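**Student:** Here the protein sequences line up with chains P and F, keeping their order.
Residue 318 in our numbering sits at position 318 of the first sequence, and the numbers go up by one each step.
Residue 1162 in our numbering sits at position 162 of the second sequence, and the numbers go up by one each step.
No lab work stands behind these hints: they were computed from the structure.
Every value quoted in this text rests on a predicted model; they were computed, and no experiment measured them.
Among these hints, one or two may not hold up.
To be verified - Where chain F lies over chain P, by a calculated footprint (3+ residues, C-beta under 8 Å):
hint	region
1	7-15
2	248-258
3	408-419
Said to hold, decoys possible - Taking lysine-lysine pairs in the DSSO-like style, the calculated list, with each CA pair at most 30 Å apart, reads:
hint	chain 1	residue 1	chain 2	residue 2
4	P	Lys57	P	Lys128
5	F	Lys1104	F	Lys1127
6	F	Lys1087	F	Lys1016
7	P	Lys14	F	Lys1134
8	F	Lys1134	P	Lys332
9	F	Lys1111	F	Lys1089
10	F	Lys1087	P	Lys2
11	P	Lys2	F	Lys1089
12	P	Lys332	P	Lys14
13	P	Lys332	F	Lys1171
14	F	Lys1087	F	Lys1126
15	P	Lys14	F	Lys1104
16	F	Lys1171	F	Lys1134
17	P	Lys14	F	Lys1171
Positions of the beta carbon are idealized from the N, C-alpha and C atoms, including for glycine.
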Amino acid sequence: MKGKTLVVARREFKSTVFRWGWIIGTFGMPVFVGLYALVISLIISSSAAKNEKPTGKAGVVDLAGIVRFDGGRETVVEVPDAARRMIDAAGKLASGSPGAGMIESLLSGTEFVPFADQEAALAALERKEIGVVFVVPKDYIETGKVTAYDQSSSVFSEGRHTKLPLRQLLVKSLTYGHLDPPIVARVLDAADVDVLVKNKDGSWAPRGLADIVKRLVVPMGFTVLLLVAILVGSGTMIQGVSEEKENRVIEVILSSVDARSLLLGKLLGLGAAGLLQLGIWLTMALVPVVLLVAGIALSPFTVIVCLAYFVLAFLLFGTLITATGSIGTNAKDMQQYGMFWSIACVAPMPFLEKILSEPNGTAARILSYIPLTSPVTMMMRVGTGEAPLWEIALTLVLLAVSVAVALRFSARLFRTALLMYGKRPSIPEIFRWLRQA
Amino acid sequence: MPQLLVEDAVKAYDGKVAVDHVSFEVNGGEVFGLLGPNGAGKTTLIRMTMDILRPDSGRILLDGLPSTSANHDRVGYLPEERGLYRKQKVLDVLEYFGRLKGMKGGDVRRKAQAALESVDLGEWGKKRVDALSKGMQQKVQIVGTLLHDPDIVVLDEPFSGLDPINTRLVKDMIARLKHAGKLIVLSTHQMDQVEELCDRIVMIDRGKRVLYGTVREIKRKYAPELRQAAGRGNVVIVDGEGNFAGLAGVLEARPSGPATALTLAPDLLPERFLEQAIGAGMTISHFEASPTSLEEIFVHVATRSAPAPAGVTR
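So here's chain P without its partners, still in its complex pose (with noise of 0.2 Å):
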C-alpha cells in the first residue's frame, strides 16, 4: 500500500476518533443502553408493584355446568430445549419482575379452581388467593362467551396468559366422554411438524428454530453492522470531503496524493475508527452479554467469513458513496446522492425467506454473484451453512475486484467533481468524467 494512502488514512482515523461526536458515541452508547435497560427495568417494576407474584391459580364460576374439573393443571406451553434455556436464562436475569412470573406461570400451568357463585370467587380473587376469575354464563353454549376478572390491566396480568389454559380446559370438558382423550389431545394439538432438512450428504436431518436461529444470529448481526457503518461511515466520510470542498483544502490535497490513494486512505481510516469503536462496545461487554443471554455460541469460521464480506462491502459502499456525493454542492446534497448506495445494500432483504429457505437456489444465486447484493446474500448463505466454500471464495474475490474496479472510476470522478465549486454537473458531463479525467 502505498505510503500517502497510510498518511491520509492516519489524518482520518485520528481526526476521527478525537471528534466528540465519536466519544460520544462510542463511550456513551453503552452508557445509554444501560440507562435505557434501567429505565424499562424500573418501569416493570414500578408495574410489578401493583401487580403481585402470579398465583398460578384461575377460579372458575360455571354457571353453565360444563366444565370439568380434575384438579390438575393445564400447560399449553410447549418449549423446545433449546429455547426453554434461552427462557430461562432471561428469567434469571429478570428474576423479581413480573415477566418472569409470568414466563415461570406459563410453563407450570395453572390450576382451576371451582367457585360456587361470583362473589366467592371475587372474595378469593381479593383475597390473592386465585389471579383471575372466569365467568362461564349459562349461555355458553350458543354464545361461547365467558367473561374475566382481573386483577389488572397490565400485559403480565394472569388473566392474559391465563385465556389458553382456560380454552383448553373448555375443549377438554366439552368432548369428554363423546372423544377419546388421545383424540382430545389432537384437537388441541392437531400437528406437531418435525421437519427435516437435506444435509449435503443426502441425509435428511430434523432442524430446529433454535438452530436457525442460532446460525443467523452472526450473519445478522454483520449485516446489522454493515448497514450502521455504512450509514455513519459514509456519513462521517461526506461531512469530511465536503468540508474539504467547501473550504478549499481539497485542491491542495490533490497536488499532492492521487484520487484513488485519498479515497483509500479515507475509507480505511474511517474503517479502522469503526472497528476500533466496534472493539470497545465489545470489551465493555455489550455485545457479549446479549450473545450470553441468548446462548449462540459463535461458529469461528462463521464470524472469519462474514468479516471478510464486511470489511470489502464497507469498502465497495464507502467508495460508491463518496464518489457519488462528492459530486453535490454541499454536505446535504452530497449525503443525498450517496443514499442510493445504502438502499442497494439492502436490496436483498426482500428475498431473504427465500435464500434461507434454498440458500443454493437461483435467486440466492444470482444475488450472490451481483456485487452491490452479494455481501449481505452470502453472510445469510454462510450463516444456514449450505453455501458451498468455492462459492464463497468466488465472490469474495468478485466483491475485491469490484472493490479495486469501483475505486479506479469513483477516483476519476471523485477528483474532478471536487474541484467543481458551486456547479451541479449534468449526467452526460458525468459520463465524460469517467471516460477521461
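With chain P held as given, fit chain F onto it using these hints.
**Tutor:** Same frame as chain P, but now just chain F:
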C-alpha cells in the same frame, strides 16, 4: 535545474475549450508569470501542470518526463482558492501537508515550527487555524506550500490578502527561491508585481496564448501598436517652468504628482519634444519618457481580438 514544458495542451469542459493549444517552457532559476483575465484558463492550466487534471491532448513534461503523481512531491502549489482545515491546529495541518508531500521522520513538526517562525508566526503553531487572521492564514498556506522544499513552486495570486509588510516578506521569499534555482510559476492580476518579479510571462486569453516572452521584450515590441491603437504617441512626465502643454505636438496634459504627464502626437518622439522645450527656453527639472505599462498591454490584449504584432511570439 528543473524544467517544465507545456506542449500544445488542450482541455475542454462540457464542449467548451478552457485551454486551447497552449505551449510554453519554464526553467529553474526563473520566475515565470502566468497572466490572463478571469476565466481565461489559467487555473485549468495550473491544475494540469499539477496533474490534478489531465489534458485532453498535448503534453506536460517535468524534466522531460510526463507530469504524473510521481512528481507530486517535487511541486509546491499555492492555489488561488486557499484552503486550510479551520478547526485543526496550525502545526497539525502543516505536518499533514508535509507528510502528503513525502516528508518522513519525526522532524516534520520541528521543520514546520521553524518555517512558522521564519514568517513571524512561531507562537501560533498550537492555535487553531480559525483563530488566525486572514493574512496569517495566507502565510500559513505559503509555509505549507514550501515546507517540503519543492523544486517547482506554483503560486496562484500569492499576494491577495496580504498587507504591504507581508507582501514584501513573500517577495523576498520568491527572490530566495529564484536564487536557489527553483522554478517558479507566478499567476497574478497585479501587473506591478509581474513587472517587478517575473523574468518571462505567458498571457492566456479565452484559452489561447496571446503573449509569450520576456517582460522587456513584450513591452518594447508591443508599445507602438498600443499607442497606435490609442491614436496617440508617447507619454512623457515633465516638471519645470514653462507652458509645456502649448508646445507643438502635445495632445493632452494632465497632472502626475508634482509634475505633468503629456501625451504626444504619434510622430513626435520624446527626445524631439525635449529638444523643442529646451529650444523654447523652458526650465526642466525632471524629464521621464513614460514607457507603456504591462497593465496597459494586458488590458489592451484582453479587450481586443486583433492579431499580435510582428515579433511577439504567440
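**Student:** Confirm or reject each hint.
**Tutor:** Here is what the structure says about each hint:
1. Counting residues of the region 7-15 of chain P whose C-beta lies closer than 8 Å to any C-beta of chain F gives 4; at least three are required, and the coverage claim holds.
2. Figure legend: the region 248-258 of chain P, annotated as covered by chain F; annotation consistent (11 residues with Cβ-Cβ distances under 8 Å, at least 3 required).
3. Figure legend: the region 408-419 of chain P, annotated as covered by chain F; annotation consistent (3 residues with Cβ-Cβ distances under 8 Å, at least 3 required).
4. A C-alpha spacing of about 10 Å is found between Lys57 of chain P and Lys128 of chain P, which places the hinted pair at or below 30 Å, so the restraint holds.
5. Taking the CA atoms of Lys1104 of chain F and Lys1127 of chain F, the gap is about 23 Å. The hint holds against a cut of 30 Å.
6. Taken as a hint, the Lys1087 of chain F and Lys1016 of chain F pair is broken in the structure, with Cα atoms around 38 Å apart against an allowance of 30 Å.
7. Taking the CA atoms of Lys14 of chain P and Lys1134 of chain F, the gap is near 27 Å; set against the 30 Å cutoff, the hint holds.
8. Pair hint Lys1134 of chain F plus Lys332 of chain P holds up; C-alpha atoms about 27 Å apart against a cutoff of 30 Å.
9. The suggested pairing of Lys1111 of chain F with Lys1089 of chain F holds, with an alpha-carbon distance near 15 Å, which does not exceed 30 Å.
10. For the hint linking Lys1087 of chain F to Lys2 of chain P, the alpha-carbon distance of about 27 Å falls within 30 Å, and the restraint holds.
11. Between the alpha carbons of Lys2 of chain P and Lys1089 of chain F the distance comes to roughly 26 Å, so the proposed pair stays at or under 30 Å and holds.
12. With a CA separation close to 24 Å, the supplied pair Lys332 of chain P and Lys14 of chain P stays within the 30 Å bound.
13. Our distance criterion of 30 Å between C-alpha atoms is broken by Lys332 of chain P and Lys1171 of chain F, whose separation comes to about 41 Å.
14. Of the supplied pair hints, the one linking Lys1087 of chain F and Lys1126 of chain F holds, its CA atoms being roughly 12 Å apart against a limit of 30 Å.
15. Annotation: proposed proximity of Lys14 of chain P to Lys1104 of chain F holds, straight-line Cα distance about 18 Å (limit 30 Å).
16. Between Lys1171 of chain F and Lys1134 of chain F the CA atoms are separated by roughly 18 Å; this keeps the pair inside 30 Å, and the hint holds.
17. For the hint linking Lys14 of chain P to Lys1171 of chain F, the alpha-carbon distance of about 36 Å lies beyond 30 Å, and the restraint is violated.
Checked against the numbered hints above, the structure breaks hints 6, 13 and 17 and satisfies the rest.
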